[in-house]
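Protein sequence lines, in the order shown, are assigned to chains X and S. Note that this note's numbering has the first sequence beginning at 1, numbered continuously upward. Note that this note's numbering has the second sequence beginning at 1, numbered continuously upward.
Hints may be right or wrong, so weigh each one.
[Claimed, not checked] Straight-line distance between alpha carbons at most 20 Å, and here's what the computed SDA-like set of lysine to any residue pairs gives:
| no. | chain 1 | residue 1 | chain 2 | residue 2 |
| --- | --- | --- | --- | --- |
| 1 | X | 96 | X | 42 |
| 2 | S | 3 | X | 337 |
| 3 | S | 45 | X | 344 |
| 4 | S | 23 | X | 313 |
| 5 | S | 23 | S | 5 |
| 6 | S | 3 | X | 329 |
| 7 | S | 3 | S | 72 |
| 8 | X | 72 | X | 178 |
| 9 | S | 23 | X | 375 |
| 10 | S | 23 | X | 312 |
| 11 | X | 320 | X | 178 |
| 12 | S | 23 | X | 72 |
| 13 | S | 23 | X | 301 |
| 14 | S | 3 | X | 334 |
| 15 | S | 59 | S | 49 |
| 16 | S | 23 | X | 339 |
| 17 | X | 375 | X | 357 |
| 18 | S | 23 | X | 337 |
| 19 | S | 23 | X | 343 |
| 20 | X | 320 | X | 336 |
| 21 | S | 23 | X | 335 |
| 22 | S | 63 | S | 45 |
| 23 | S | 45 | X | 193 |
| 24 | X | 82 | X | 222 |
| 25 | X | 72 | X | 194 |
| 26 | S | 3 | X | 336 |
| 27 | X | 280 | X | 316 |
| 28 | S | 45 | X | 337 |
| 29 | X | 289 | X | 316 |
Bear in mind the hints are in silico, worked out from the structure with no lab data behind them.
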Amino acid sequence: MIFERGVVAVSDVQFGEQTELCDRILLLDKKGLSDFLLSLDDTMESCTVSITRPGDSTRILCVKDVVQPGCKVRGDRPGRGKRHVLENVTVVTCGKIVGYQEGIIDMSGAGALYSPFSRTFNVVLDIAVIPGLTPHEHEETVRKAGLAAAAFLGETSRSVTPETMQSFTALEELPTFPDLPRIVYLYMLLSQGLLHDTYVLGRNASEGLPRIIDPLILLDNAITSGNCVSACDKNTTWHHQNNPVLRELWQRHGRDLNFSGVVLTTEPIRLAAKEAGAQKSIALIQELKADGVILSKEGFGNPDADQMLLTRGLEQQGIKVVAITDEFAGADGFSQSLADSAVEADAVVSVGNANERVMLPPMQRLLGPVSDLSKLAGAWPHSLQEDGSLEVELQAIIGATNELGMQTLSCREI
Amino acid sequence: MSKQIERAGIPVVHACSIVPISKTVGANRILPTIAIPHPFGAPNKSPEEEKKMRKELVKKALKALATPIDEQRVFSSEQKKRNLDCL
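Chain X on its own, in the form it takes in the complex (with noise of 0.2 Å):
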């Protein structure tokens, strides 16, 4: 069993009369889509339309999600088949925040350095709610319309030939290398309530977890981000969809070890609930006979304590782990970067310290809702300087130190 990933390159996105891949240039029809979302859901109240291009003088404020653009053109179940996807593109939600973390995007100046989405083309949609509904609520409605304008936009590479054909063979079909190792990747989700969600084939990653997860699943958009966390760690659905960790494990299988399986785990908010998630997640890794583990992580703090009760439990089981994680070290880098540290995590990949400060120049256009800037996590209320400068830590840029190690930011000891 196989599943394809047929990888459409777009070379700019531009309104148009109607939407379609032409020339590899995305046209969009804007009314088309606001209209389509619109009818959708009725606990929508508006919807605008704006187009980003790299190098832009465009500020993208309150982001709320990131997805690629694709559609599944072979199978009816999720990790069989083909999909086609939309490379360069993708569609950014924003709007009204109600869960305060929401993060920025600059398309040009020293901010872009720290986001993928500064060299993409992305579709913005501001979403406006209708009065009264509930933070959940309004999360949900935002949530769905990203998802739903990511499958318009996608529909046109339908019956486009890709330019690049990615082939991944599910595991038990491949061949094994004894005397190379057993690595498995544990998957880690932020799915507390509280606004911090992320989706698993639709249903909440709060319950039944930790499990083994076919990986070809997770290639074809089985996660789905809502999160309202932390911009610079938290793992938009764009990030779910292009996981490295998960393509690194295929190429690397049969030359510098065996891919063996991949667990998802969650990050619970009681003690005893991580501690019986650790358990559990360590013994299924076990049933994979795993020699090592590939350990990601979704936000921090408290998340900090589940990676180390996964780290310290599956070394004193002889399972070698590789931990990916940021650092809060403060501005100047000299404070205690994780809230929670043990002895047995002496292999851990630094992403980058969120608590950097960094000087981002005024922009010409802002895209989302203006007002609430300086409620963005990583900004204060003086953030925001007279001639439109924007003082912020890492933490408010989306995806700036992100824990599937997507971005090429680390720290290191001096």
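Once you've looked at the hints, dock chain S against the given chain X.
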């Protein structure tokens, strides 16, 4: 905060839901509580039971505060049971 307040000579009980974090950070008196979003709350209990639980926690915290210690100490043997009750 607890370290800074103790440096000023005032003893502190760190009442917290995720004990390993408190241990790592270096609080001296640690009182395990219920959950991250509601350290002193138990929304799945009746208001009467919740109040009783909360009062117990505060009493335990006061007792911990008055207990001399010479090393880091977690003040609860029933913490796991209570956490599991609330799951």
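Hints versus structure:
Distance restraint check for residue 96/X and residue 42/X: the Cα-Cα separation of roughly 18 Å lies within the 20 Å cut-off, and the hinted pair is therefore satisfied. A hinted pair counts as satisfied when its Cα atoms are at most 20 Å apart, and residue 3/S with residue 337/X qualifies at roughly 17 Å. For the given pair, residue 45/S sits about 38 Å from residue 344/X by alpha-carbon distance, which is inconsistent with the 20 Å threshold. The hinted pair formed by residue 23/S and residue 313/X meets the criterion: a straight-line CA distance of about 17 Å does not exceed 20 Å.
Simply put, residue 23/S and residue 5/S have alpha-carbon atoms about 16 Å apart, close enough for the 20 Å limit, and the pair holds. Distance hint between residue 3/S and residue 329/X is fulfilled; the C-alpha atoms sit about 17 Å from each other, no more than 20 Å. Between residue 3/S and residue 72/S the alpha-carbon distance is near 12 Å, which keeps this suggested pair within the 20 Å criterion. About 36 Å separates the Cα atoms of residue 72/X and residue 178/X, which puts this hinted pair outside 20 Å; it is violated.
Our distance criterion of 20 Å between C-alpha atoms is broken by residue 23/S and residue 375/X, whose separation comes to about 31 Å. The hinted pair formed by residue 23/S and residue 312/X meets the criterion: a straight-line CA distance of about 15 Å does not exceed 20 Å. For the proposed pair residue 320/X and residue 178/X, the alpha carbon gap of about 17 Å is at most 20 Å, so the pair holds. For the given pair, residue 23/S sits about 49 Å from residue 72/X by alpha-carbon distance, which is inconsistent with the 20 Å threshold.
Only pairs whose Cα atoms come within 20 Å are accepted, and residue 23/S paired with residue 301/X is accepted, the gap being roughly 14 Å. The suggested pairing of residue 3/S with residue 334/X holds, with an alpha-carbon distance near 17 Å, which does not exceed 20 Å. For the hint pairing residue 59/S with residue 49/S, the CA-to-CA distance comes to about 15 Å; that is within 20 Å, so the pair holds. Pair hint residue 23/S plus residue 339/X holds up; C-alpha atoms about 10 Å apart against a cutoff of 20 Å.
Our distance criterion of 20 Å between C-alpha atoms is met by residue 375/X and residue 357/X, whose separation comes to about 16 Å. Straight-line distance between C-alpha atoms of residue 23/S and residue 337/X comes to about 15 Å, which keeps the hinted pair within the 20 Å bound. Between residue 23/S and residue 343/X the alpha-carbon distance is near 14 Å, which keeps this suggested pair within the 20 Å criterion. Under the criterion of a C-alpha separation no larger than 20 Å, the hint pairing residue 320/X with residue 336/X is inconsistent with the structure, at around 24 Å.
A threshold of 20 Å between alpha carbons decides the hint, and for residue 23/S with residue 335/X the separation of about 16 Å falls inside it, so the pair holds. For the hint linking residue 63/S to residue 45/S, the alpha-carbon distance of about 25 Å lies beyond 20 Å, and the restraint is violated. Our distance criterion of 20 Å between C-alpha atoms is met by residue 45/S and residue 193/X, whose separation comes to about 18 Å. The hinted pair formed by residue 82/X and residue 222/X meets the criterion: a straight-line CA distance of about 14 Å does not exceed 20 Å.
Simply put, residue 72/X and residue 194/X have alpha-carbon atoms about 32 Å apart, too far for the 20 Å limit, and the pair is violated. Between the alpha carbons of residue 3/S and residue 336/X the distance comes to roughly 13 Å, so the proposed pair stays at or under 20 Å and holds. A threshold of 20 Å between alpha carbons decides the hint, and for residue 280/X with residue 316/X the separation of about 15 Å falls inside it, so the pair holds. With a C-alpha separation of about 36 Å, the suggested pair residue 45/S and residue 337/X falls outside the 20 Å cut-off, and the hint is violated.
A hinted pair counts as satisfied when its Cα atoms are at most 20 Å apart, and residue 289/X with residue 316/X qualifies at roughly 15 Å.
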